[in-house]
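Keeping the supplied structure of chain A fixed, place chain B upon it in accordance with the hints.
There are 2 protein chains.
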Amino acid sequence: MVAFNRTTLEEVIKKRFFFAPSFQIYGGVAGLYDYGPAGCALQANILDLWRRHFVLEEDMLEMDGSIMTPATVLKTSGHVDKFTDWMVTDTINGEIFRADHLVETVLEKRLNEDKQARLAELEGTNVVASKDKKKKNKIKPVKLDENMKAEYENILAKTGNDLSKPVEFNLMFESNIGPTGQLKGYLRPETAQGQFLNFKRFLEFNNDKMPFASASIGRSFRNEISPRSGLLRVREFTMAEIEHYVDPNNKDHPRFDEVKDIKLHLLPQNIQVEGKTNPIEISIGEAVEKKIVDNQTLGYFLARIHLFLIRLGIKNERLRFRQHMPNEMAHYACDCWDAEIQSSYGWIECVGCADRSAYDLTVHSNRTKEKLVVRENLSEPLVYEKTVLEINKKVFGPKLRQNAKAVEDYLFRLDEEQLKALKKALEVGNGKTTVPGTDGKEYEVFSEFFNIERQTITEYVREYTPNVIEPSFGIGRILYSLIEHVFWVREDDEQRAVLSFPPRVSPFKCLLVPLSNNPAFSDLVRDLSARLRKLSIAIKVDDSSNSIGRRYSRNDELGTPFAITIDFQSVNDNTVTLRERDTTKQIREKVDTILQVLKNLTEEEITWDEVMTKYPVFVQQELDS
Amino acid sequence: MVAFNRTTLEEVIKKRFFFAPSFQIYGGVAGLYDYGPAGCALQANILDLWRRHFVLEEDMLEMDGSIMTPATVLKTSGHVDKFTDWMVTDTINGEIFRADHLVETVLEKRLNEDKQARLAELEGTNVVASKDKKKKNKIKPVKLDENMKAEYENILAKTGNDLSKPVEFNLMFESNIGPTGQLKGYLRPETAQGQFLNFKRFLEFNNDKMPFASASIGRSFRNEISPRSGLLRVREFTMAEIEHYVDPNNKDHPRFDEVKDIKLHLLPQNIQVEGKTNPIEISIGEAVEKKIVDNQTLGYFLARIHLFLIRLGIKNERLRFRQHMPNEMAHYACDCWDAEIQSSYGWIECVGCADRSAYDLTVHSNRTKEKLVVRENLSEPLVYEKTVLEINKKVFGPKLRQNAKAVEDYLFRLDEEQLKALKKALEVGNGKTTVPGTDGKEYEVFSEFFNIERQTITEYVREYTPNVIEPSFGIGRILYSLIEHVFWVREDDEQRAVLSFPPRVSPFKCLLVPLSNNPAFSDLVRDLSARLRKLSIAIKVDDSSNSIGRRYSRNDELGTPFAITIDFQSVNDNTVTLRERDTTKQIREKVDTILQVLKNLTEEEITWDEVMTKYPVFVQQELDS
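Protein chains in written order, with UniProt numbering: chain A, 1 to 625; chain B, 1 to 625.
Extracted from the complex, chain A is given alone in its bound form:
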């Protein structure tokens, strides 16, 4: 197997227009990318599978909400205050760095120097010596990744200048809504808030049944200080988010049994605390039982995320679920597991699965006074005793007159313990005491003003704010990681790169090529194109004058899994060949048979191996060039 080379992959991505920097003829803008026909179709297929796997499979309530969001909403959610990164400015030339990147880089640099020092010691030399003598001693410098090297050099170039103290920079793009400029807005940093604000409508749409989930696919924005790593850290990205609303007293999941035997690679907090990074492999059933994963609903989604990613073509051995350490959690989260996918950039968070508890619904409800709760009819009423206060209106109002409201408001805010204390105070004071009004003044009150008593309360309805489990997918990160996982180069020819997408995911399903641009083939090409389209099979016709081998390899780079070739025999006997991308093997059958086989292959109802057992391999030297 040819070793992975990111430069080769990046050339394929560019040449086949999976994606490219936006506005490039204007010099481009860091962190903004355009998806070309191949990337756009790949993304659409990933989203289509996502919708089937999550939304349709579980009757989730999908919505499509506004990107432009008034500032008050994001103030309440905590994003205005907490959705920030620290940045530092070079005080001489004004260049801006993300502080944690800088620290990371410096630490890495020191670690690297340390490594060199240790190596030097082992070999009986020392670092100072190595610096002085340069290449004369035997120290092999650790080879750095090219990007990192460039960044090191960049940072090192700055070391002569002073840096400002770090300041917080809010990562939301700001704008103004309407012509007055008075309504400040932000581009949403996540789709989640739009979902929370519609909670009441969703619950009603779901006939008040719990648990349930809402979902949304859409563009979100983060004004990154220094975008890098291609699609992995960008300023504009497509997310797919699920908000699953669940009873905080019962986080079991009705379909947990369906997934309990699925094995995941887990990296819980306790392993990380020990400084280790090797995940354990464990069934999700066992993980929940052992409380490694807190509850069934969280566990259910981890398993479903795993199934989804594997189905896309992500390699299991390069996928792990890492639990957030308490100090890295977002401001709204009380537990979080990231699905991390390994690529040449390291292990990258591609899906976050957070328990946001009742945080968001509570803060929005408090701010707007709109109840965002579930009311549940109790099968057996809840009966309990409680100390309550009842105003004696005949005395209270006439005695306190214009001050009655201020005192009443104060009294109704008292909790049980405070009521008991008030009762005690009245007893001690022989039926008289003073209380503060909500106006800040003190008032005398008498025991005949109100009754404070134990009462039996019977509740028929339970009211609660649901907790939210949120699987949140970064589609661009998944898409890029997937491309790396399915990328390889043919051993016999390093110029021939292949992207082995599963058929359901690949941008195009079938290449249609006439052997040459002889006009004898054009009717058959047109007829077959129409039939393939009718079967909803996305095709790419290549009737250019390039050699057939060249055209095959171009489509190998696009990840097109199958190719139908029309040759002179086709015109005579209505047979065509069907080629498979990874094996480059072909069969030759009547058009009707090929179309049926192809349909089954693209819908992943049969595999190519199965096709190979059913139909003879077709060999024709000239097509294998």
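One thing to keep in mind: the hints can contain errors.
[To be verified] Cβ pair distances, simulated, as ranges: (1) E444/A / G28/B: 27 to 33 Å; (2) K75/B / S283/A: 42 to 48 Å; (3) Y615/A / P381/B: 46 to 52 Å; (4) S544/A / E416/B: 34 to 40 Å; (5) S529/A / L307/B: 15 to 21 Å; (6) K115/B / N377/A: 27 to 33 Å; (7) R311/B / S544/A: 31 to 37 Å; (8) Q620/A / Q569/B: 58 to 64 Å; (9) E453/A / Q569/B: 55 to 61 Å; (10) S344/B / P248/A: 44 to 50 Å; (11) E491/A / P381/B: 57 to 63 Å; (12) V617/B / N600/A: 46 to 52 Å; (13) D162/A / R462/B: 56 to 62 Å; (14) K534/B / P248/A: 32 to 38 Å.
Hints listed in this document are in silico derivations from the structure and should not be mistaken for laboratory results. Remember, predicted model here, so these are calculated numbers, not experimental data. Even for Gly, the Cβ is constructed at its ideal location relative to N, Cα and C.
Relative to chain A, chain B alone:
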């Protein structure tokens, strides 16, 4: 038929959560809407059909580009200067109006008064009298639409105050990219610019073949001064745009013959100039032949747009294509036809089909110096004579020395006529004259410095900037218009509204209802749900305790075309009933048969009428409640 009532429709839209104002619990923001599960699925189905009808059918190159756009791009495209509306401010209270809305309103008010006056005249009374006596005379005031009435009242309330002079307000949302605040950006007002900037990549992806189209589906933004009319004028919207690149010398379309007999309702400029609004019905073939529509490509797209809208469920008699008058064209367009759909808001532009000529590619190319052209190998080389200048390097450089560059640069900018004039000047000056250098100084030049001669030029390649035909779809406007077109109310019961979406378009395809919430049904519900999902049929299960009639009518309001009902007989003999929404008729067959019929119905391979001829109608009194 029950008369259309927008209030009833709006209640259904709200109750069934097709869409609703965004951020409503915070008071909402004008012109921003969230699509709920029904609206979101409806939109997804419209976009899916759009992609099949346009992108897949014609191998268009779809892309997904950035929303955040650097200011320079939109400065070049003309949007910074020309994408504006006029606004006026109430000088007393600061309220802001869109000037044309205000003018429109005032004119409408006057027209209305005029109408009353005419009526009054006819009836032998007069307006003043009618105002005085109110309902005592026979004048019936023209009943105004409720929204318009509210707006009139709003405007009329202002008439006491002075208005500012109209000023231009740019409709793009502005923001800053990156932490320095120095890179100004706008949220794109259309997806088109992102497509134009990728022209070179598209052309390469298409193996340099012309004509071809790029396409994009995505969110765009317009910071409307005063959003109104629900989804018809909003600040954030989903567009689907096609940019079809065509040789300006040949705007024929290879597939025009497929559509030439399709009849459209056209409202060309000349009819509008006469003050008429009745369209002509004419085949697109005839319209192009008679030059009513300029060329085949424009005609082809008008016909394809027509087919797409009709397939969605838009009524032909409420669809027309209106040609823009010269004074209403966007700054980039040289011809434009709008597909206008009639709703209770009047005739609304839902699809624009503009000929943007070479405008955009030219301005971006000029600004960036990047060639955005097609190079076409000529089958016969182009041979012509041309006056050209050739430097005599042996003399030119040594004589002019450090000034040679400035003079050379000047000389190479001269066109043919200027070269001829220079040659003449040398002759007149006996082999000597002066020319300006690009440094602004004057230089003496001599005839031995260069030769100016007629030469025969042979070109093997033709280079041209393609013209762009742009069909641009406002998805929200189409979605709302469609809802109005398929909305009706059952005659027998005004509480029972129905949305008769075609099966391919409807948000959910099938309702699954057990007769009651008897546990005997739950296995069958679960089993059928799973089988329907496997068939990719979007279902909605309603096992609530509401009556079966109530559950049917709830799904009639969602536009769900079919319902499977599970009753006690189902448990015994594995038969279920299948109900059709519009007729409320049912059949009863084995589950396998019903699933097959349903699959064919949802894919629009058979119609309900055909089903009715094949299977007996099932009548069961209790289900018809």
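Here is how each hint holds up against the structure:
no. : hint                        : verdict
1   : E444/A / G28/B: 27 to 33 Å  : 47 Å, violated
2   : K75/B / S283/A: 42 to 48 Å  : 59 Å, violated
3   : Y615/A / P381/B: 46 to 52 Å : 50 Å, holds
4   : S544/A / E416/B: 34 to 40 Å : 38 Å, holds
5   : S529/A / L307/B: 15 to 21 Å : 19 Å, holds
6   : K115/B / N377/A: 27 to 33 Å : 57 Å, violated
7   : R311/B / S544/A: 31 to 37 Å : 33 Å, holds
8   : Q620/A / Q569/B: 58 to 64 Å : 60 Å, holds
9   : E453/A / Q569/B: 55 to 61 Å : 58 Å, holds
10  : S344/B / P248/A: 44 to 50 Å : 46 Å, holds
11  : E491/A / P381/B: 57 to 63 Å : 46 Å, violated
12  : V617/B / N600/A: 46 to 52 Å : 37 Å, violated
13  : D162/A / R462/B: 56 to 62 Å : 59 Å, holds
14  : K534/B / P248/A: 32 to 38 Å : 34 Å, holds
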